[in-house]
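Undergrad: Chains as they are written, first to last, in the working numbering: chain A, 1 to 161; chain B, 1 to 391.
Worth flagging that the hints you see were computed from the coordinates, not collected in a lab.
Treat each hint with caution, since some may be false.
Claimed, not checked - Only pairs whose alpha carbons sit at most 25 Å apart, straight line, appear in this in silico BS3-like list of lysine-lysine:
1. Lys-288(B) - Lys-11(A)
2. Lys-34(A) - Lys-56(A)
3. Lys-288(B) - Lys-142(A)
Stated by the list, open to error - Okay, the calculated bits of chain A under chain B, using three or more residues with CB under 8 Å as the criterion:
4. 2 to 9
5. 20 to 31
6. 147 to 159
Computed from a prediction, not measured in an experiment: that's the story for all the values here.
Backbone N, C-alpha and C define an ideal beta-carbon position, used for all residues, glycine too.
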Amino acid sequence: MTNDILDILEKSDKHLSNEQIAQMIGSTEDEVAKIIKGLEKSNTIVGYKTMINWEKTDKELVTSIIELKISPQRGEGFDKVAEKIYKYSQVKSLFLMSGSYDLCVIIEGQSMKDVALFVASKLAPMDNVLSTATSFVLKKYKEDGMVFYNNEEDSRQVITL
Amino acid sequence: MINYEKILTDKIQQIPPSGIRKFFDVAATMKDVISLGVGEPDFVTPWAIREAGIYSLEKGRTYYTANAGLLELREEICNYTGRKYGVEYDARTEALVTVGGSEAIDLMIRCVINSGDEVLVPEPSFVCYKPCTYMAGGVPVPIETKEEDNFRLLPEQLREHITDKTKLLILPFPNNPTGGVMSRKDLEAIAEVLRGTDIMVLSDEIYGELRYDSEGHTPFSAIDGMRERTVVVNGFSKTFAMTGWRLGYALGPAPIIKAMTKLHQYGIMSSPTTSQFAAIEALRSCDKDVENMCREYNYRRRYIVDGFRSMGLSCFEPLGAFYVFPCIKSLGMTSEEFAEKLLQEEKVAVVPGNAFGESGEGFIRCSYAYSVENIEEALTRIARFVERYKK
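Produce the complete structure using the sequences and hints provided.
TA: Right under this line is the structure:
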């Protein structure tokens, strides 16, 4: 039941009430509320977000992906460095990677200069950071399972048997 | 001046025109209609399948295939049926790839029905069994399945309708429009009635993969002794969201499949090649997609059943397909009146239950192959409508 709730919450495009979720999984509103509360408490549900295509607004926003190579700290591995990085509000996502680099940092800034400055003044000089490689996102097609440019309407017939 | 009534055959004229055609035409032209009226998935065919179709075109595979379908596809179909249900078929002699499940239904009926033979058709059910029977010269004999029996076909009902002319039984489960299913036990009971007779069975299992109870689907041919009398019809439309690809198949005893292939060869030649290549991919790699779609339908199924019940309507809990079949008798309208008024007043399209046989009168078919938001809006409007006419 817990997995069903998570599945529904993750995939639904709009906010569903606990009552609606309860109907969908054959449970009660109270039970669903209790489970969701538990999931929030345990940080299984980390948060609720709205997906926005900022390109449709007049807000200037630049997203970049920065590949960092790090020398891990004794006894701490990568976690300590990672913590120092994700505390910056500009850092949207941070992943520890396998492969040719260690940390993948996704940054949002107002301009390329903004982002470049952040890398040059904050990330690059950090102890343990061996190198940085910055790439800018030119266009978002799909993020977190949501397609950004999808205007397809339901083209099915109104009635078919 | 040609008198077309004299040109057209007696048989085609004998087929009663669909009484609700007018309603459908109105619904099709109305703007801003919220529809719960379709009989197909809202999912797009999984990309892996579409890609396989595109690839086959890139490779220039634009030729006819063998009449019975690509052997590779038939083998995959037989593997799938063996792996999922434990029923083994020989790809070379016991499988035929058709243009949708409906072609397979037409072929089977035409291959076994002589003039005057009776065909038992549980109703409410899909609309093609009767016309196909008429065209083959047979006599359709409806058997009314009832809400209180969970829209199942009961063995005693079957026994009552069997005469010495009975040639074929249609088993349309999971059922469109009711969503009713037959458990293995129910099928065993039907098999018990058929044992010792020569009655053949056309088991239309197009919704077989869309089951929401833990038991899951059992093909009728899996029941002891039924394989020799059963043609199982299935297809890709509902399971893999491939309606537009027009691809189905029939599995059955070699002599019947051989005859059906003969007819298919003259009428169709071979099923669409691109679709066949895509279907191979569907059977090989899309179990997970089917599972996800099924889970999604299940959420909506519970949601919509709950929605109708909270309006005070009696709504049978469907365990298969993607339809609910709520009863609207308490409003004192016919199915058609309900559907027409609902369309005019609230702009919601549903299908009157009598489209699926007389026994569907008093019910409406609503599909839940729509997004939750769409269903939510439709339910709000229907609830308003029901409230207005409640007695």
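Undergrad: Compare the structure with the hints numbered earlier in the document and write down the numbers of the violated ones, lowest to highest.
TA: Violated: hint 2 alone.
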